[in-house]
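Enquirer: Given the sequences, and given the hints that come with them, work out the whole structure.
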Amino acid sequence: MVVKKQERESLVHERYLRHQKKFPHVWCAGCGIGIVMGAIVRAVDAVGLSNDEIAMISGIGCSGRMPVYVDFNTMHTTHGRALAFATGLKMVKPEMKVIVVMGDGDALAIGGNHFIHAARRNIGLTAIIINNNIYGMTGGQYSPTTPSHAYATTAPYGNIEQPLPICQLAEVAGAAFVARSTVYHARELSRFIAQAIQKEGFSVVEAVSYCHTTYGRINKLGSAVEMMRRLKENGIGQRAFERLPEEERADKIVRGVFVDRDVPEYTQLYDQVIAQAQRSVAA
Amino acid sequence: MAARLMQGDEACAEGAIAAGCRFFAGYPITPATDIAEVLARRLPQVGGKFIQMEDEIASMAAIIGASVGGAKAMTATSGPGFSLMQENIGYACMAEIPCVVVNVQRTGPSTGLPTSPSQGDVMQARWGTHGDHPIIVLSPSSVRETFDLTVRAFNMAEKYRTPVILLMDEMIGHMREKVELPPPGTIEVVGRVRTSVPPEWYKAYENTPSDVPPMISFGEGYRYHITGLFHDERGFPTQRLDEIGPWIARVFRKIERNLRDIFIYETDQVEDAEAVIIAYGATARSARHAVKQARERGLKVGFLRLSTIWPFPEEIVEDVAERIHRVIVPEMNLGQLALEVERVVGRRKVIRVGKVNGEMIAPHEILDVIGRG
Chain A
23 MVVKKQERES LVHERYLRHQ KKFPHVWCAG CGIGIVMGAI VRAVDAVGLS
73 NDEIAMISGI GCSGRMPVYV DFNTMHTTHG RALAFATGLK MVKPEMKVIV
123 VMGDGDALAI GGNHFIHAAR RNIGLTAIII NNNIYGMTGG QYSPTTPSHA
173 YATTAPYGNI EQPLPICQLA EVAGAAFVAR STVYHARELS RFIAQAIQKE
223 GFSVVEAVSY CHTTYGRINK LGSAVEMMRR LKENGIGQRA FERLPEEERA
273 DKIVRGVFVD RDVPEYTQLY DQVIAQAQRS VAA
Chain B
306 MAARLMQGDE ACAEGAIAAG CRFFAGYPIT PATDIAEVLA RRLPQVGGKF
356 IQMEDEIASM AAIIGASVGG AKAMTATSGP GFSLMQENIG YACMAEIPCV
406 VVNVQRTGPS TGLPTSPSQG DVMQARWGTH GDHPIIVLSP SSVRETFDLT
456 VRAFNMAEKY RTPVILLMDE MIGHMREKVE LPPPGTIEVV GRVRTSVPPE
506 WYKAYENTPS DVPPMISFGE GYRYHITGLF HDERGFPTQR LDEIGPWIAR
556 VFRKIERNLR DIFIYETDQV EDAEAVIIAY GATARSARHA VKQARERGLK
606 VGFLRLSTIW PFPEEIVEDV AERIHRVIVP EMNLGQLALE VERVVGRRKV
656 IRVGKVNGEM IAPHEILDVI GRG
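Going down the list, the sequences are from chains A and B.
Our numbering puts the first residue of the first sequence at 23, with every later residue one more than the last.
Our numbering puts the first residue of the second sequence at 306, with every later residue one more than the last.
To be clear, the hints were calculated from the coordinates, so they are not data collected in a lab.
Check before you lean on any hint, since a few could be wrong.
[Claimed, not checked] Cross-link-like lysine-lysine pairs, in silico, DSSO-like; alpha carbons within 30 Å at most: (1) Lys274/A - Lys242/A; (2) Lys27/A - Lys44/A; (3) Lys43/A - Lys597/B; (4) Lys44/A - Lys508/B; (5) Lys597/B - Lys654/B; (6) Lys242/A - Lys254/A.
Because the structure is a prediction, the values reported are computed rather than measured.
Expert: So, in structure tokens, the structure goes:
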């Protein structure tokens, strides 16, 4: 039976969202987080996973609310610590697909250390970092990805710090899979997330979003539609980016899969530790 | 089982394994590191898992995640690390996640005296995380008791769906004693309350008659939500007063109605006593010696040793101290559990013997106080 696209979409919603119970959601009208959530459930559907085998774990902030809406095993943890909670769960349930959803402040400021070490261990978690360059829920304070010179409620004279490159950090820390797309390029984003979920090892997808309510307002960047248009205009594939002259590169958001490598996954390595320890007892 | 020479930290690790602990996450810190070292070797031997996390915050988070996955889980630390764990201990209280947190106390505040004993974290163990919450805290005073209380800590954690803190001290942790451990089959091991209701009926935070809702692990077909926010019976965030109120009442009630099971203590020669020493942890060893010496001098001194310090065993203390004019509370702090004793028996009856310089309290220091009487 051929399922029409529209019908298929509604099936995805019914199957993976707590659609009758938990909506409307808390996010502002026009927010990109819902698009990321849509990209995740479509990815899960594309990979063909059942709800039961997925755990979604989040920290604190706007992104932290996502687990309420998806019909998986869901856990909304403390600020910055989602990856550490997920590490414990993944170790005792290695067969589960554990998706960790975080914001830029959550993953890289308060949770920065956990992010580095989860990547270094290459434990089989999928980290989805929704990067909107600001602390949205608390009202627009600068985050580790706020561009230099941009304004925030706690940077009223302009931000004097440098933004942290999420994907480069993940790469040098040891992640097995690293990709970036934007909430405008939602289908590509979903495809990257599907690849990430299937990857053995620590996978990172940076989902570039925006916050028109705080960051956009403070920096006079216009409505959600205008901020979305900017993602469309600035989002660029890796090869096209490399062809650009230096002076045109500044505001571009490079999309693509940057890392896809085979590195031994942590829980699989630990199974070898168990085998070795048990041999030593038997001997 | 044959007698062995064993360290307190090692007894804690072995007690954990005997209790069914199959996951440990920790971060190196004196004087608790030995527990991690033993478990790094021992856990994989029994099919369990060990991980050294990047800090104590992550360690506490990881054991909660592991417990949600169905494993009995533990972490071990000392003062500075215990401070870092507090936020996630509160999460475990709020989400009712069984787990055991060991704090081998050293002298603080701050880095303090890393290799010296202390009982300075009594109040932190009770109130370290923010907000009102019940907590169970056990404190052993020998190597063998460390083994036994670690098992009991796991049993209580699982039975009551709560974090349990095992408050050791550097002296107990690093001391070696001859111990004879009970054979595995003779140890009472309790698992968590489960349910056979179909997934659509399951409520992870149901107000059950026992006040302890059944807990199903992630990945078993019962999809539900866990959060550190106040939540309804299904675990979803709520701000409704008629859902917050019953939750608070239930989590306190599930501990308060089981005090008989939770209170572990020992009395000695209290029947004819005119003064009684109330002690716990390493200090109880000096206190016991002081009682013996006092009796040899003809002084009628009794002894109450507390293994459970939180919830504070009010009834037990009240009972023992009722007919007595003097209660001596020696502890390696400047009066923490003494505050509770004073609250129960009245301030005038209580004599505090406190020390915070990293030295043990010697029997004669307690005896001097009795002699002054």
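Enquirer: Can you list which hints this structure breaks, lowest number first?
Expert: 3
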